[in-house]
Every structure is written in structure tokens, then in C-alpha cells.
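Model the full structure from these sequences, guided by the hints.
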Amino acid sequence: MKNKASTLINETNGELAFKLFSFSDDSNFDHIQRHNYYSIILLLKGEAQLQIELEKYTISNKKVICISPYQPYSLKSIKLISGIVLNFHSDFFCTYKHQNEIETEGILFHNIFGPSFFNLPNEETLLNIMTQMELEITHGKIGQHESLVSYLKIFLISILRIKNLDTDSEKIASKGNSKPQILQSLINSIEANYKTKHTPKDYSEVLNISSTVLSKLVKDYFNKTLTKLIAQRIVVEAKRELYLTSKSVKEVAFLLGYTDEYYFSRFFKKQVGVSPNIYRKTVGFAKAER
Numbered sequence: 001m002k003n004k005a006s007t008l009i010n011e012t013n014g015e016l017a018f019k020l021f022s023f024s025d026d027s028n029f030d031h032i033q034r035h036n037y038y039s040i041i042l043l044l045k046g047e048a049q050l051q052i053e054l055e056k057y058t059i060s061n062k063k064v065i066c067i068s069p070y071q072p073y074s075l076k077s078i079k080l081i082s083g084i085v086l087n088f089h090s091d092f093f094c095t096y097k098h099q100n101e102i103e104t105e106g107i108l109f110h111n112i113f114g115p116s117f118f119n120l121p122n123e124e125t126l127l128n129i130m131t132q133m134e135l136e137i138t139h140g141k142i143g144q145h146e147s148l149v150s151y152l153k154i155f156l157i158s159i160l161r162i163k164n165l166d167t168d169s170e171k172i173a174s175k176g177n178s179k180p181q182i183l184q185s186l187i188n189s190i191e192a193n194y195k196t197k198h199t200p201k202d203y204s205e206v207l208n209i210s211s212t213v214l215s216k217l218v219k220d221y222f223n224k225t226l227t228k229l230i231a232q233r234i235v236v237e238a239k240r241e242l243y244l245t246s247k248s249v250k251e252v253a254f255l256l257g258y259t260d261e262y263y264f265s266r267f268f269k270k271q272v273g274v275s276p277n278i279y280r281k282t283v284g285f286a287k288a289e290r
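Residues in the sequence shown are numbered consecutively from 1, following UniProt numbering.
Treat the hints with care, as some may be off.
Said to hold, decoys possible - Across the chosen pairs, the derived CB separations fall in these ranges:
hint, residue 1, residue 2, range
1, Ser60, Glu261, 42 to 52 Å
2, Leu135, Val206, 52 to 62 Å
3, Leu135, Ser24, 13 to 23 Å
4, Glu124, Ser246, 38 to 48 Å
5, Leu80, Glu53, 17 to 27 Å
6, Ala192, Asp25, 44 to 54 Å
7, Ser24, Arg266, 34 to 44 Å
8, Arg266, Thr131, 43 to 53 Å
9, Lys195, Lys219, 37 to 47 Å
10, Cys94, Thr131, 20 to 30 Å
11, Ala192, Glu103, 13 to 23 Å
12, Thr259, Lys45, 45 to 55 Å
13, Val206, Lys153, 19 to 29 Å
14, Gln99, Asn208, 28 to 38 Å
Simulated from the structure, these hints should not be mistaken for lab results. Glycine is no exception: its CB is placed at the ideal position from the N, C-alpha and C atoms.
Structure (C-alpha cells):
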């Protein structure tokens, strides 16, 4: 790719729709930021400290980093970094709508049980697709959106295949420890009960283990607190409902086990950084109903 940005703007609202750009330092990422679109960063050279939410990692060249809308992150150079970034808004390509075709949600994006980055053994295929995207943005006219969406689908499928082959990705996040069976039971329990059980005590009772022991295991393996893990799962579903449906915030709150709409809104804003209404306004909503 040439060292420049290729950008498409949504003409209806003036917001970013799709963007490709290369970087040769950390000036774009050296402070915590949140965007209302998806970002995929290819770190091709160098070494950096990656912070996602409150989690910090030291990563080196040949990595793919996947950032979800409004997920706070920074990337600070340790050894001079360079690579390429692909940004796209949900209005340009709805990952939820295409989840049956390309299972990105919960794997590449909003993956609360695994790292947001993984190894990139060979970047040639991805760079070739990005080059075609850049050409389409520069020269494409008829059917440009459809063509770019097709390339984006191929790109997402390609990185999903790369991630599935990366046996080191969980070791990166878990410091090389194998996952205790109790944590798999916890994951299954959170998936089954997050709409009704919201506290560490709830899950320690379900699994018949002390809250202290369970919380320590979660912190050691996932590098986050059990409270945060539970909250993230609730927020993932809240985002999905806010994006895919026209349910009111009160209805979404009730669906997730909150009888107080305002308490839920404060909880959501604390986790995401913006209110449910702002999230819906800036990311989009009711895509499945149109």
C-alpha cells in the first residue's frame, strides 16, 4: 500500500464509512481513544505496548489487532512500529447481520474470553486484498460499495482463518497457563445466566466455589476481574439489542435483568463510555428490521 489514506465518507451523515491507511509511528494510537467504528490493525514491524480497556500487553511485529466500536485502546511504540489500519462503520457493513455468513462477533470482535490480537504468520494475502480495496476506493464508481463489501468479507474470512490457526493466541492472554476446567464451567454459566445473574457471588454459588478463589482464577487467566467479565458479557448483548432492534432502552434493560432503566443506562455508560442512546445514534440501529 502507498503511504496515504483512502477514505469513504457516509454522504447522509458525514461520518466515516470506510478507511485504509498505513502508519510508520504511534502518533495515531499513543493515547486512549474510542471510535464508533470497527478497526483492524496489522502491526507489521516493531514492538509496542497495547492497552485495551485496562489490560496491557507487550506485542511485537506480525500481529492482527481487532478493535470493536467504542472499545478504548492505545498502542505505544517500544521499538519503531509500522503497519496498516482498516476502519469500517456498521452502516457500511453490519457484522451482526452477516453473522451467519462470517462469524466475527465473539471471535474477532467483542471477544470477552480471549485476546483482541493474534499472530500473523504471513501478511501477503491480507495486503493483496487491501491493495484491491485501495484501488476500488480510488477508481471504482459503478458498484463501488458492493465491490468493497465483497473484498471486506474476503478480508474478514481470511483473518478468521488466520486466528483459528493461531494456537498461541490464548497463551498470549493467559501467560501460557492451560485453562482450568472450572473456568470453562464459568464461561458456560455466564453464557447461560448473564441476563439474570450479575454478580461474582451469583456464579460462585452456581459453581460451588468460593468467590475469592474464583475471582483469583479469573484474574490470573483472563487478566481482568470477574465483575468486569460479567459486565462485558451483559454489554455485548446490550450492544447487539441496541444495534439490531428498535427496542427502547427500557426494554433492553428489562431483557437483561434490570428493572431500573436509569441504573442500566449508568452501568452501560460506565462500561462503554457513552450512553445507550448515544451508542445507538452513532453506531446505528434496527438494521434487521429494515
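Unmet hints by their number, sorted upward, for this structure: 9 and 13
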